Structure formats: structure tokens, C-alpha cells
Amino acid sequence: AQTVTQSQPEMSVQEAETVTLSCTYDTSESDYYLFWYKQPPSRQMILVIRQEAYKQQNATENRFSVNFQKAAKSFSLKISDSQLGDAAMYFCAKGRGADGLTFGKGTHLIIQP
Amino acid sequence: GAVVSQHPSRVICKSGTSVKIECRSLDFQATTMFWYRQFPKQSLMLMATSNEGSKATYEQGVEKDKFLINHASLTLSTLTVTSAHPEDSSFYICSAFPDGKDYEQYFGPGTRLTVT
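So the protein lines, in turn, are chains A and B. Each residue of the first sequence is one higher than the one before, starting from 61 at the first, in the numbering used here. Each residue of the second sequence is one higher than the one before, starting from 21 at the first, in the numbering used here.
These aren't lab readings, by the way, just hints derived from the structure by calculation. Just so you know, these numbers come straight off a predicted model, no measurement behind them. No residue lacks a Cβ here, since even glycine has one placed at the ideal position from N, Cα and C. Please note: incorrect hints may appear among the correct ones.
[What the hints assert, rightly or not] Chain A is faced by these chain B residues, among others (derived, beta-carbon under 10 Å):
1) 42
2) 54
3) 58
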């Protein structure tokens with residue numbers, strides 16, 4: 061079974077600081093996608109960033125960037141200039157085409173004002 | 021664009037009854053939709069893949085006779101929890117995979133089911 065592992069159940073960061081959330085995964089496939097989703101208290105899943113496995117360049121979306129290490133099967137999320145609105149559960153997920161996603165257990169991110 | 025709705029957002033039913041949850045893609049067609057289940061303070065677990073015009077594909081351990089899925093059109097999938105019991109209480113989330121896209125699926129807002 062494919063697994064996605066998030067080893068940090070909870071992380072805390074001061075507002076305006078930088079925080080990195082870790083994610084590792086297991087796969088035998090060469091072509092797949094990796095995602096970071098944010099789930100605020102409303103429970104609505106919000107896509108933060110995605111990475112195509114065949115692309116070596118790390119994806120970036122404004123204050124959010126990833127460090128994708130394909131050989132190590134690692135996919136960490138860096139949030140720069142943390143804001144109070146970033147507080148949420150963050151889930152790392154893996155998928156391939158029109159397949160359902162496999163999610164990690166999540167990291168609860170707390171932003172200290 | 022790319023909005024997915026779910027109805028109802030909350031439902032309370034009595035043990036032994038059945039409840040239907042609808043998932044609609046409002047502005048795109050989706051041959052494929054997914055149903056996930058999320059227990060409190062836990063992750064999303066894929067339950068089944070819903071395909072328009074064909075039988076759903078269930079993940080290992082998911083009872084297909086308890087969780088009936090019907091994907092009758094390119095914009096609607098329904099999940100019916102039959103003979104519900106308190107242990108079926110959970111947060112159910114659907115997602116829709118737009119036709120012609122390579123990777124991104126859009127999530128509905130979820131349905132909280134409470135079985136008393």
C-alpha cells in the first residue's frame with residue numbers, strides 16, 4: 061500500500077517567521093503528483109501547491125514553496141512570512157492522474173501572534 | 021470556477037435508517053468523482069471512486085453494500101449510507117475530477133453525518 065507520512069502532528073511558528081512542514085512518501089511509480097492541502101476549521105480542503113514528479117524544479121506559489129527530493133521521496137512545504145490566516149491543518153497528498161488521493165495524517169499549524 | 025457542492029451540509033439520522041448525500045460539480049463535467057471519509061482529528065481516507073455510467077470502485081475494507089454510490093450524470097454523484105449505525109458518524113467529503121484535466125480534483129465542503 062502506498063503511504064504518505066507526516067511526522068509532525070503539530071507545529072508552531074511566530075507570525076512573520078518561516079516554517080517548514082515535512083512529508084515523505086512511498087511509491088513505485090515514476091509519474092505522479094504531490095500536493096499540499098490546507099484545511100481550516102471550516103473543513104473545506106484548499107489546494108496550497110502541487111508538484112509534478114517529472115519536474116525537477118520546485119513549485120512556488122507566493123509565500124509557499126516546496127523542496128521536492130524525488131530520490132529521497134521527500135516533499136516538504138515552506139511557508140514564508142507566516143500569517144495568522146495560515147493557521148490550519150495541512151495535509152500532504154499523493155495522486156496520479158484521475159486517481160483518488162492518498163493523504164498523510166496532517167500537521168496542525170499554529171501561528172503565534 | 022471549479023466549484024463542487026455537497027448537500028446536505030449536516031444531517032442527523034436515527035440508527036437503522038438510510039441517508040443520501042449529493043455531490044455536484046457546478047461548472048464543469050466530471051466523469052470521475054471521489055468519496056472520502058474523515059474522522060475527527062484524522063486524515064481523509066479514500067472510500068471509493070465514482071464513475072459516471074459504471075459501477076463504483078471501492079477501496080479495500082469499505083462495504084459496498086453499506087455505502088451505495090450512484091453517478092448518474094456528469095455532474096452528480098450520490099453516496100447513500102444504508103442502515104446507518106453510530107459508527108458511521110463521520111465527515112464525508114467528495115471531490116470531482118474535471119474531464120480533460122491531468123491532475124487536479126476539486127473538493128466539496130463536506131457533509132457531517134451524525135447517527136443517533
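Now for the hints, and whether the structure bears them out:
With a least beta-carbon distance of about 17 Å to chain A, the hint placing residue 42 of chain B at the interface is violated under the 10 Å criterion. This hint holds: residue 54 of chain B has a C-beta 5 Å from the nearest C-beta of chain A, less than the 10 Å allowed. A cut of 10 Å between beta carbons decides the hint on residue 58 of chain B: the least distance to chain A is about 8 Å, and the hint holds.
Checked against the numbered hints above, the structure breaks only hint 1 and satisfies the rest.
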